[in-house]
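*Asks:* Now for the letters of each chain:
Number of protein chains: 2
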Amino acid sequence: MQDYSVADLLQGRRAVDSPVTVEGWVRTRRDSKAGMSFLAVSDGSCFAAIQCIAPSELPNYATEVLHAGSGCAVRVSGRLVASPGKGQRFEVLADRVEVLGWVEDPESYPVQPKPHTFEYLRSVAHLRPRTNTFAAVTRVRNCLAQAIHRFLQARGFCWIHTPIITTSDCEGAGEMFRVSTLDLANLPRRADGTVDFAADFFGREAFLTVSGQLNVEAYCLAMSRVYTFGPTFRAENSNTSRHLAEFWMVEPEIAFADLAADASLAEDLLRAIFAAVLDERADDMAFFNDRIAPGCIARLENIVSRPFARLDYTEAIGVLERSGKAFTFPVSWGLDLQSEHERYLAEEYVGGPVVVMNYPKAIKSFYMRLNDDERTVAAMDVLAPGIGEIVGGSQREERLAVLDARMEASGLDREAYGWYRDLRRYGSVPHAGFGLGFERTVSYVTGIANVRDVIPFPRTPGSASF
Amino acid sequence: MQDYSVADLLQGRRAVDSPVTVEGWVRTRRDSKAGMSFLAVSDGSCFAAIQCIAPSELPNYATEVLHAGSGCAVRVSGRLVASPGKGQRFEVLADRVEVLGWVEDPESYPVQPKPHTFEYLRSVAHLRPRTNTFAAVTRVRNCLAQAIHRFLQARGFCWIHTPIITTSDCEGAGEMFRVSTLDLANLPRRADGTVDFAADFFGREAFLTVSGQLNVEAYCLAMSRVYTFGPTFRAENSNTSRHLAEFWMVEPEIAFADLAADASLAEDLLRAIFAAVLDERADDMAFFNDRIAPGCIARLENIVSRPFARLDYTEAIGVLERSGKAFTFPVSWGLDLQSEHERYLAEEYVGGPVVVMNYPKAIKSFYMRLNDDERTVAAMDVLAPGIGEIVGGSQREERLAVLDARMEASGLDREAYGWYRDLRRYGSVPHAGFGLGFERTVSYVTGIANVRDVIPFPRTPGSASF
Numbered sequence: 001m002q003d004y005s006v007a008d009l010l011q012g013r014r015a016v017d018s019p020v021t022v023e024g025w026v027r028t029r030r031d032s033k034a035g036m037s038f039l040a041v042s043d044g045s046c047f048a049a050i051q052c053i054a055p056s057e058l059p060n061y062a063t064e065v066l067h068a069g070s071g072c073a074v075r076v077s078g079r080l081v082a083s084p085g086k087g088q089r090f091e092v093l094a095d096r097v098e099v100l101g102w103v104e105d106p107e108s109y110p111v112q113p114k115p116h117t118f119e120y121l122r123s124v125a126h127l128r129p130r131t132n133t134f135a136a137v138t139r140v141r142n143c144l145a146q147a148i149h150r151f152l153q154a155r156g157f158c159w160i161h162t163p164i165i166t167t168s169d170c171e172g173a174g175e176m177f178r179v180s181t182l183d184l185a186n187l188p189r190r191a192d193g194t195v196d197f198a199a200d201f202f203g204r205e206a207f208l209t210v211s212g213q214l215n216v217e218a219y220c221l222a223m224s225r226v227y228t229f230g231p232t233f234r235a236e237n238s239n240t241s242r243h244l245a246e247f248w249m250v251e252p253e254i255a256f257a258d259l260a261a262d263a264s265l266a267e268d269l270l271r272a273i274f275a276a277v278l279d280e281r282a283d284d285m286a287f288f289n290d291r292i293a294p295g296c297i298a299r300l301e302n303i304v305s306r307p308f309a310r311l312d313y314t315e316a317i318g319v320l321e322r323s324g325k326a327f328t329f330p331v332s333w334g335l336d337l338q339s340e341h342e343r344y345l346a347e348e349y350v351g352g353p354v355v356v357m358n359y360p361k362a363i364k365s366f367y368m369r370l371n372d373d374e375r376t377v378a379a380m381d382v383l384a385p386g387i388g389e390i391v392g393g394s395q396r397e398e399r400l401a402v403l404d405a406r407m408e409a410s411g412l413d414r415e416a417y418g419w420y421r422d423l424r425r426y427g428s429v430p431h432a433g434f435g436l437g438f439e440r441t442v443s444y445v446t447g448i449a450n451v452r453d454v455i456p457f458p459r460t461p462g463s464a465s466f
Numbered sequence: 001m002q003d004y005s006v007a008d009l010l011q012g013r014r015a016v017d018s019p020v021t022v023e024g025w026v027r028t029r030r031d032s033k034a035g036m037s038f039l040a041v042s043d044g045s046c047f048a049a050i051q052c053i054a055p056s057e058l059p060n061y062a063t064e065v066l067h068a069g070s071g072c073a074v075r076v077s078g079r080l081v082a083s084p085g086k087g088q089r090f091e092v093l094a095d096r097v098e099v100l101g102w103v104e105d106p107e108s109y110p111v112q113p114k115p116h117t118f119e120y121l122r123s124v125a126h127l128r129p130r131t132n133t134f135a136a137v138t139r140v141r142n143c144l145a146q147a148i149h150r151f152l153q154a155r156g157f158c159w160i161h162t163p164i165i166t167t168s169d170c171e172g173a174g175e176m177f178r179v180s181t182l183d184l185a186n187l188p189r190r191a192d193g194t195v196d197f198a199a200d201f202f203g204r205e206a207f208l209t210v211s212g213q214l215n216v217e218a219y220c221l222a223m224s225r226v227y228t229f230g231p232t233f234r235a236e237n238s239n240t241s242r243h244l245a246e247f248w249m250v251e252p253e254i255a256f257a258d259l260a261a262d263a264s265l266a267e268d269l270l271r272a273i274f275a276a277v278l279d280e281r282a283d284d285m286a287f288f289n290d291r292i293a294p295g296c297i298a299r300l301e302n303i304v305s306r307p308f309a310r311l312d313y314t315e316a317i318g319v320l321e322r323s324g325k326a327f328t329f330p331v332s333w334g335l336d337l338q339s340e341h342e343r344y345l346a347e348e349y350v351g352g353p354v355v356v357m358n359y360p361k362a363i364k365s366f367y368m369r370l371n372d373d374e375r376t377v378a379a380m381d382v383l384a385p386g387i388g389e390i391v392g393g394s395q396r397e398e399r400l401a402v403l404d405a406r407m408e409a410s411g412l413d414r415e416a417y418g419w420y421r422d423l424r425r426y427g428s429v430p431h432a433g434f435g436l437g438f439e440r441t442v443s444y445v446t447g448i449a450n451v452r453d454v455i456p457f458p459r460t461p462g463s464a465s466f
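Protein chains in written order, with our numbering: chain Y, 1 to 466; chain L, 1 to 466.
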């Protein structure tokens, strides 16, 4: 393992004429009639491969170099020189090329250096990080994730690891996966024949979390500024291009804060992480812009460059009603906004992101703060051009009596939420938060529409690792 | 929500005499006979509360301030002044005190400002972040987590979110939790009476991951430097003080690297994150050193200040045999080291951390690289004083034929690991990695022995949120 990467070399962090060693995988090899080979070697550290020139004088030129094709792992030692060719500033004049790992049967290597469909690549997910596209997705994911941490840490937020296995369902909404160690072939049963979960690992029924929000509120009402960033699960819609059964979510939660502060935090976070990816992953973004989603850079630049609009839900309904557009879904006060409505508001009405606030209480969760009109709650969605909703959040109901009434109306068991009610009994304050789906954000940034193509391992039946 | 926190005020980031507003929770209130009250207000941003002096002239002094006890949420506006008292540099002279959230029935408030046992606090886990100890644990966790990201990112590593729900068992070892959406009251069955998992959510049996290592190897062999940092699960030993059913793990994986490079990376990472916590959370560490685990600061300083020793397993057995110590467990070449052996090596023989390398293959996992002696594998454990093993890692077997032989000897199904074998068929290179249990690390740093007391929400039956 070297102290420097291909990215370091291409960015000029080593002096020209230095002896260097490059370790990576051959993307392509071109053999010149002049008696040398050009190996494009990638180590994943940046979009570009570095060009390594192997002269025919190398002792293993004919026996090895001329057989080192795409996917072979090599260690190239030589001298770093300024490149006369276009497209790269530096290249390596090799005085030694070792092939560390061959490709067994190159003809059948599953990720040939040619275009593959995303669908095909899902079936070889363990090799897809070797393609330009998926290595770029991986770096962009990493950049966004770190930008999220940096933004929140700089503002004094604490990262909280909320429980993955839980017995509470955040919204009484999402379908949940059961977690169990019971022997299904021999289920323990009570006298009445029902399954006896007292014999299960935790002594009761347990599930995978759909959101860390309720839990993280307990930390918010002690530490003021907290966030979750971890996996969440929904046992539904796994086969659409916009939903995953398992996805990462960021959920900041702030105390002494109202809905307006929540919207501002969401806006600042989105602008900061989009600015980071434009700045730090310009190489990968140029690739997505050129080859995957023309315009994706301009779309982010537009978001970064100016404030988000804000619109009350009630105003938004008026805008949609007056739009003259023939929507597929009905528009009427009390109905939720559909994707087509959200995109109209962001793309045509505003021409940029818009925060829609104060939705009818009947279409929102029990924990959202009831507004004084008693018809709406302090909920907000950030809608962005090209995607619609990208953030959903709310001010939380901090008044115990109002929360209890909302829980009763929602048919929720007060006992099960005893600890959540406690937070309203002891030093309760206005607080608010939101959720940002991480894969959805990566999909938006890269312009790759199907979220299964931006997670490290898709759950394609029969596919690698799953 | 203010732009500055209590930590900002106490660290002098606002000028003396500035008007300031403090929002937080009352830790304690003391009423002076001179006609004023001293409110210690914490917002979770640092260990210390800030002293706010409320004069009796405030209009709500008698009606509210004199009733604002521990746990009440307040907003205090006033002027920042240098504090004449000891223990703080600054305090706030209040000209307004608002009680935003009262404590219902203060007598029964579950987290009174007095010592509570850790066991009791597990039963009120939703309120325990309001105690000095657990707020400090939360900040230390956050500091360590960010130090891990910073260390790895600075070295060009990519964070990879490996699958949580998986169908593969990393080591054929850990007991796993089943993940399912089948209706247990009405299980689908095949003709022979066995459960029909084809009807389950993923069309096959699925479990919670015990490690992301095998998955992350696929990314390592494309991106060179990668790591996981996410939750892992073991359905065993949940009721001991050293094991959790759900815990976070950091698993770096490096390509073009051998066992020595792996050990160096683990050493550098541990020293960097311990240095970070000593530097950035000196306030919380002083508390742990004074009140929880005397000597815990010196223990970390000792680790940060000098290189780790390295010892072959075979040498370590010799050292133990010659030690003259009466160990409970036998010492003999071929047996695994027990905690008492590990601690003897680190605490008495070396007097600091020691990396033990090259263990007998029979006691280690199939994926660890077979050494030339064919009796040992390239495995390493980092042993630290006061805990024993804190990191476990290995160079991975990159040779397909050797891997196949090891899998066969371990009774593993070659088909199920087809994708993992592929990584050895296409551009395979020496690579290595290790696992660092995050809760175990937090437990070590804070000196809090029971890992259930360093996770955000313990799974105590009947406890909050679980």
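One should not assume that every hint holds.
Stated by the list, open to error - Looking from chain Y toward chain L, a few residues come up when the C-beta cut is under 7 angstroms (computed):
id : residue
1  : Tyr120
2  : Ser123
3  : His126
4  : Ala145
5  : His161
6  : Ala260
7  : Ile297
8  : Ala298
9  : Gly427
10 : Ser428
Stated by the list, open to error - Derived, one-sided and incomplete: chain L residues facing chain Y with beta-carbon distance under 10 angstroms:
id : residue
11 : Arg14
12 : His116
13 : Glu119
14 : Leu121
15 : Val124
16 : Phe202
Don't read these hints as lab results, they were simulated from the structure. Glycine residues also receive a C-beta, built at the ideal position from the N, C-alpha and C atoms.
*Asks:* Next step is simple, just say for each hint if it's right about the structure.
*Replies:* Comparing the hints with the structure gives:
1. Tyr120: Tyrosine 120 (chain Y) check fails; min Cβ-Cβ to chain L is 15 angstroms, beyond 7 angstroms.
2. Ser123: violated (10 angstroms)
3. His126: holds (4 angstroms)
4. Ala145: holds (6 angstroms)
5. His161: It holds, given that the least Cβ distance between histidine 161 (chain Y) and chain L is near 6 angstroms, below 7 angstroms.
6. Ala260: violated (10 angstroms)
7. Ile297: violated (22 angstroms)
8. Ala298: Violated - the Cβ of alanine 298 (chain Y) stays beyond 7 angstroms from chain L, reaching only about 26 angstroms at its closest.
9. Gly427: With a closest approach of 4 angstroms, the glycine 427 (chain Y) hint holds.
10. Ser428: Hint on serine 428 (chain Y): holds, closest Cβ of chain L at ~4 angstroms, below 7 angstroms.
11. Arg14: violated (14 angstroms)
12. His116: Hint violated; histidine 116 (chain L) Cβ to chain Y Cβ min 15 angstroms, cut 10 angstroms.
13. Glu119: violated (17 angstroms)
14. Leu121: This hint is violated: leucine 121 (chain L) lies away from chain Y, its Cβ roughly 13 angstroms from the closest one there, beyond 10 angstroms.
15. Val124: holds (8 angstroms)
16. Phe202: holds (6 angstroms)
Consistency with the previously given hints fails for numbers 1, 2, 6, 7, 8, 11, 12, 13 and 14, ordered from lowest to highest.
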